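S.K.: The primary structure of each chain is shown beneath.
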Amino acid sequence: MSIALEARGLTKEFKGFVAVNDVNLSVEQGTIHALIGPNGAGKTTCFNLLTKFLQPTRGTIIYDGRDITRMAPAGIARLGMVRSFQISAVFPDLSVLQNVRVALQRRRGDSYDFWRSEKNLRRFDDDARAHIDEVGLTEFVDHRAAELSYGRKRALEIAATLALDPQMLLLDEPMAGMAQEDIERISALILKIAKGRTILMVEHNLSVVANLSDRITVLARGEILAEGDYETVSKSHEVIEAYIGAADE
Amino acid sequence: MSIQQTDTPASSPIANDAGMSPLHKAIFLGLLAFLVVLPFMVYPVFAMKIMCFALFAAAFNLLLGFGGLLSFGHAAYFGGASYVAAHAAKVWGLTPELAVLSGAAAAAFLGLIIGSLSIRRQGIYFAMVTLAFAQMVYFVALQAEFTGGEDGIQSVPRGKLFGLISLEDNISLYFFVLALTFGGILFLYRVVHSPFGQVLKAIRENEPRAISLGYDVNRYKLIVFVLSATFAGLAGATKSQVFQLASLTDVHWAMSGEVVLMTLLGGMGTVFGPILGAAMIVTMQNYLATFGAWVTVIQGVIFVIGVLLFREGIIGVISRWLKRPL
Chain Z
1 MSIALEARGL TKEFKGFVAV NDVNLSVEQG TIHALIGPNG AGKTTCFNLL TKFLQPTRGT
61 IIYDGRDITR MAPAGIARLG MVRSFQISAV FPDLSVLQNV RVALQRRRGD SYDFWRSEKN
121 LRRFDDDARA HIDEVGLTEF VDHRAAELSY GRKRALEIAA TLALDPQMLL LDEPMAGMAQ
181 EDIERISALI LKIAKGRTIL MVEHNLSVVA NLSDRITVLA RGEILAEGDY ETVSKSHEVI
241 EAYIGAADE
Chain V
1 MSIQQTDTPA SSPIANDAGM SPLHKAIFLG LLAFLVVLPF MVYPVFAMKI MCFALFAAAF
61 NLLLGFGGLL SFGHAAYFGG ASYVAAHAAK VWGLTPELAV LSGAAAAAFL GLIIGSLSIR
121 RQGIYFAMVT LAFAQMVYFV ALQAEFTGGE DGIQSVPRGK LFGLISLEDN ISLYFFVLAL
181 TFGGILFLYR VVHSPFGQVL KAIRENEPRA ISLGYDVNRY KLIVFVLSAT FAGLAGATKS
241 QVFQLASLTD VHWAMSGEVV LMTLLGGMGT VFGPILGAAM IVTMQNYLAT FGAWVTVIQG
301 VIFVIGVLLF REGIIGVISR WLKRPL
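Chains as they are written, first to last, in our numbering: chain Z, 1 to 249; chain V, 1 to 326.
Hints were generated in silico from the structure; no laboratory data involved. Keep in mind that this is a model prediction, so the values were computed, not measured. Please note: incorrect hints may appear among the correct ones.
Taking lysine-lysine and the BS3-like style, the derived pairs with C-alpha atoms no more than 30 Å apart in a straight line are [to be verified]:
#, chain 1, residue 1, chain 2, residue 2
1, V, 160, Z, 119
2, Z, 192, Z, 235
3, Z, 119, V, 25
Cβ-to-Cβ under 8 Å is the rule here; a few derived chain V residues that face chain Z [said to hold, decoys possible]:
#, residue
4, 45
5, 283
6, 286
According to the in silico footprint, chain V covers these stretches of chain Z (three or more CB under 8 Å from chain V) [what the hints assert, rightly or not]:
#, stretch
7, 17-31
8, 90-97
By construction, the Cβ of each residue, glycine as well, lies at the ideal position given by its N, Cα and C atoms.
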């Protein structure tokens with residue numbers, strides 16, 4: 001199998017503090033890869049480096065055979081690598097339909113045409129509705145996104161992300177703040193959308209990703225502690241220690 | 001898949017698009033009908049002043065209300081364009097429509113330069129950078145040869161529209177100004193309701209998410225900045241034709257503050273708020289002129305009351321009551 005996303009010697013230093021230190025990571029095409037670790041392990045920093053929301057101090061990032069280390073975050077989205085956010089990323093004052101349509105609108109290329117009517121966007125309505133149906137928000141199609149509950153906002157975010165039809169998804173703690181039954185639903189949804197796609201997800205809890213991921217990388221204090229499938233990682237002495245050490249935070 | 005929730009279903013559907021809503025169309029038509037008869041009821045120059053400031057505030061509102069960018073230097077485009085238009089009409093002898101266009105073009109150019117240097121900053125830094133550039137424009141207006149220093153450019157000829165129709169008469173000038181400002185406001189309305197406007201709102205609502213969808217947000221911000229500067233310039237250039245004058249007042253930082261005031265009082269991010277805000281402020285200045293320096297104090301008090309009572313501006317509050325965007 002080929003490598004979808006690769007980081008070599010990825011390092012991020014903030015003033016007098018190394019948040020991510022020499023991380024080497026390979027995400028195989030078509031797999032679900034989880035990046036986990038206790039609080040302060042550098043997961044989010046690592047995630048922001050990979051999605052280009054932060055610029056690394058050292059190291060290289062390669063996506064789909066292309067060096068993306070110096071690219072702008074909007075640029076990698078256009079290459080088909082789309083990220084999600086910990087706090088549900090919707091456009092609160094736009095309707096549910098408009099939220100998805102803004103993503104579909106990217107298919108036109110850039111929307112710099114300020115002189116045209118927005119009626120031009122109606123041709124995306126059917127597609128947008130299909131994506132909204134898929135995540136079960138049909139009855140909310142004309143409501144403001146701000147009025148949706150937490151779980152529904154997350155569903156809307158997923159609908160908008162899928163509208164871009166990305167090859168690779170980077171999910172930042174998709175289960176954060178979710179009740180148990182929502183976790184199961186989101187897990188099922190992630191498995192469903194993983195078909196034909198590569199997924200890298202950041203999570204706090206090992207248990208959440210147990211049934212979901214093909215491969216797990218454990219990060220602690222900015223460095224890779226262990227890597228392998230769930231069986232290997234969950235039995236690793238260092239991993240148990242890192243989690244127990246952090247359990248009484 | 002569906003996510004079950006315990007909350008009550010959201011209750012207020014919103015309009016999704018479909019061009020201009022019937023309500024907006026009705027208001028625009030009513031406004032136009034009102035403006036057609038207005039010069040026969042009040043002093044036309046006063047009505048034209050309101051229209052120029054309404055366009056200025058609407059252009060500013062495009063940047064603040066829909067682009068989410070608070071510029072504190074919009075006098076540079078308004079005043080800068082009025083100087084260029086006055087100079088074009090007086091020295092180059094251009095016809096009024098060309099003079100106004102050259103003013104707007106100059107504002108667009110100025111907006112492109114200042115915009116590309118300032119949009120990478122956010123919040124208060126953006127406001128300060130735009131203010132600093134506007135002060136430079138003020139300095140040029142004060143010191144340059146062609147601007148006439150403290151005197152400004154006076155007795156600008158009104159000329160003949162397309163070289164044919166004399167605008168000496170206030171009523172003919174009024175309809176020229178009406179066409180420019182009303183057309184300008186309608187165009188700004190279209191910008192907000194275009195595919196571009198849709199992305200702009202998305203950026204205002206959640207910039208990181210817009211980036212993650214693949215939008216080059218700085219490019220969108222620059223375009224909206226230039227559009228806003230251009231139409232602020234169109235307003236300033238038109239005003240110089242009305243008053244036959246370009247002066248330091250129009251390029252002073254107080255003018256940048258005044259347009260913020262108009263927009264916030266009327267309701268930022270609304271369609272009709274800036275128009276109402278401009279009308280109120282200009283009317284106030286006109287009728288309170290006898291109080292001299294007290295005008296600013298009264299204006300300040302009204303602003304404080306306005307902000308305390310109607311945080312979303314007057315039109316913003318009405319819009320919330322009616323549960324309809326205005």
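S.K.: Against this structure, judge whether each hint is valid.
M.R.: Here's how the hints hold up against the structure:
1. V:160 <-> Z:119: Roughly 39 Å separates the two Cα atoms, so the pair is violated.
2. Z:192 <-> Z:235: Distance ~28 Å between residue 192 (chain Z) and residue 235 (chain Z) Cα, so the pair holds.
3. Z:119 <-> V:25: holds, 16 Å
4. 45: At 32 Å from the nearest chain Z Cβ, residue 45 (chain V) fails the 8 Å test, so the hint is violated.
5. 283: Cβ of residue 283 (chain V) sits 31 Å from chain Z, so the hint is violated.
6. 286: violated, 34 Å
7. 17-31: violated (count 0)
8. 90-97: holds (count 7)
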